[in-house]
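Line by line, the protein sequences give chains A and B.
Sequential numbering of the first sequence, starting at 1, is according to the numbering used here.
Sequential numbering of the second sequence, starting at 1, is according to the numbering used here.
Simulated from the structure, these hints should not be mistaken for laboratory data.
The reader is advised that the hints may include incorrect statements.
[Unchecked claim] These stretches of chain B come out as covered by chain A in the derived footprint (C-beta under 8 Å, 3 or more residues):
(1) 256–263
(2) 315–323
[What the hints assert, rightly or not] Only pairs whose alpha carbons sit at most 20 Å apart, straight line, appear in this in silico DMTMM-like list of lysine to aspartate or glutamate:
(3) K220(A) with D17(A)
(4) K220(A) with E10(A)
(5) K220(A) with D60(A)
(6) K399(B) with D60(A)
(7) K399(B) with D57(A)
(8) K245(B) with E149(B)
For every residue, glycine included, the Cβ atom is placed at its ideal position computed from N, Cα and C.
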Amino acid sequence: MMLIELSGIERVFTLGDNVVRALTQFDLAVAAGEYLAVMGASGSGKSTLLNLLGLLDRPDAGTYRLEGRAVTTLSADQQARVRRERIGFVFQSFHLVPRLTAAENIALPLMLAGVEPAERARRVERALADFGLANRAGHRPDQLSGGQRQRVAIARATIMRPALILADEPTGNLDRTTGAEVVRLLEMLNAGGVTLIMVTHDTVLGARARRRLVLQDGRKICDEPA
Amino acid sequence: MNLPDTLRFATRAAAGAPLRTFLMVLAMSIGVAAVVVLTALGDGARRYVVDEFSALGSNLVIVLPGRSETGGFNPANAITATVRDLTVEDARALTRAPAVLRTAPITIGTSEAVFGGRLRDVTIVGTTADYLRLRRMELAQGRFLPDDEPHAAVAVIGATIRDELFGAESALGKTLRIDDRRVRVIGVLARSGQGLGMNADEVVILPVVVAQAMFNTNTLFRILVEAKDRSLIERAKMQTTEILKARHDGEEDVTVITQDAVLATFDRILGALTYGVAAIAAISLVVAGILVMNVMLVAVTQRTGEIGLLKALGAEGRAIRNAFLAEAALLSAAGALAGYLLGQAGAFALRAAIPALPAHAPDWAVLAALGTALAAGLLFGVMPARRAARLDPVLALAKR
Ligand SMILES: Nc1ncnc2c1ncn2[C@@H]1O[C@H](COP(=O)(O)OP(=O)(O)OP(=O)(O)O)[C@@H](O)[C@H]1O
Ligand SMILES: [Mg+2]
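Isolated chain A, as found in the complex (with noise of 0.2 Å):
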């Protein structure tokens, strides 16, 4: 059984009387524990792809089956869900909250989740340990460096242990150096049995995933090695 599969979506926006087709007869199937780079021009359609899988989005027409299951007909709350507990973002600007601490911005998911304070005091202290916060846990994001505030978000991503990573231009806000210590941190994350798919415009990085998706217009142009 694949973990993610798309057959026939169209995402369409109209803005007055343009009309754009974001992504248009987009079929894929991705299995568990793959690593999928996703590339093309700007405008191509990579985040709204991303958006959909990450069930931030809904398509216009076609299905998605997320490990077996049709998730684009569930309810908001349904899918709220299925985001929290099987789906982890990582984005281009981190998206950390700037009041809370590294350490509370990686236990937000945990509170949603309603997961018990102690609990959750545990498993925030592991993640910062894995992770090279651990000294690190009461600091707020500003005054985290660029490559440590990635590492929370990450963090925060992977905290309930999710099926799927999705990451958009997760360097994009990095120097090269840094960015390379966060896709191997995600690279690891894989290793462990996660399943990835980043959006990335740094051809070097793609290189490094096993299967690389290249659109275009919002169609699939290259899937390779398929």
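With the hints as your guide, set chain B with the ligands onto chain A.
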């Protein structure tokens, strides 16, 4: 997200924007403080008046000459009624009513009192011996009007009159000239301070017959009637009306009112005033509520990215709505509490400034103010909270 987490999250959010939080708490607290202080003022005034009236003497029934039409104008009455005067004999007759303990006729006028070259305008009260007990007055010196000598040329004077006419001298036994009549001072009233109506410190009390002769009249201004017991007030009123009707050839040409009725009227008027003032002050709470709404809407706009993130992390719409509602509720509660303390401090300052005024905010007003503040905060917090919960996650995340 459970309740403690929601509250903690909301507290952190409120603490994260201290100026915004301070302004909202301030607006809310001013509204609550206004209600507390203004109702304290209104209720204080009501209690002051009620207390003053009670000090006039208890179980009082007051007889006024002439009929006051309360049930609308009656033409039959207007044609036939010839108003008879109230007389000292009427007052004496009333003491025979079973429910009546004592009565005091009253005639009132102003004149000049002279002693040793000093001259002063005084209020003359003509009455009888029972007046002292009926009005619950105290003597500082000497004795009151005698029971058995209704024509004696004697006077009992108020404390201020004594000070101004006699100074350091003793007033007892001295002769005072009033309107070319000589009266001997036999008593001085204890100082009572400013009261409602006439100031007892500035009166000269004469036997009613002497006062009537002075003013060349044989009518009375009032008859005060004291019932034997609080429960007998209504019966005393009925018996008074009956007796006077019989004495006035079957004509009901007097007005008999009870002090309770007067008191109840004042109580009602001032009570209504307090409610009115409270309602006006409550408007400031609604204004504060609207402010809460605007500030929360700004907060939702400022935190759009954060809301998008929470949705991506799997927060249901309900969790986001509750977080923003909790924030509005916390700010309102803090404002209500601060306003309550501020208002009580204001009422305390009022009492310190005007010791005679028992300016305590009534419990209903305090509860209503706190309740309205919380309700306004929650009510006006609903719209921003729902807007936050409905944000599209993709657009929210795109916003930086
Ligand atoms: N909310 C929207 N409303 C209208 N058009 C949109 C919206 N979101 C995306 N689009 C359009 O859809 C197309 C695909 O956008 P998308 O963000 O997926 O591109 P992308 O491949 O992620 O580009 P980039 O590399 O610049 O991030 C673009 O033409 C974009 O203008
Ligand atoms: Mg993009």
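Here's how the hints hold up against the structure:
{"no.": "1", "hint": "256–263", "in the structure": "violated (count 0)"}
{"no.": "2", "hint": "315–323", "in the structure": "holds (count 5)"}
{"no.": "3", "hint": "K220(A) with D17(A)", "in the structure": "violated (26 Å)"}
{"no.": "4", "hint": "K220(A) with E10(A)", "in the structure": "holds (13 Å)"}
{"no.": "5", "hint": "K220(A) with D60(A)", "in the structure": "holds (18 Å)"}
{"no.": "6", "hint": "K399(B) with D60(A)", "in the structure": "violated (23 Å)"}
{"no.": "7", "hint": "K399(B) with D57(A)", "in the structure": "holds (16 Å)"}
{"no.": "8", "hint": "K245(B) with E149(B)", "in the structure": "violated (29 Å)"}
Violation of the numbered hints given earlier is confined to hints 1, 3, 6 and 8; the remaining hints are satisfied by the structure.
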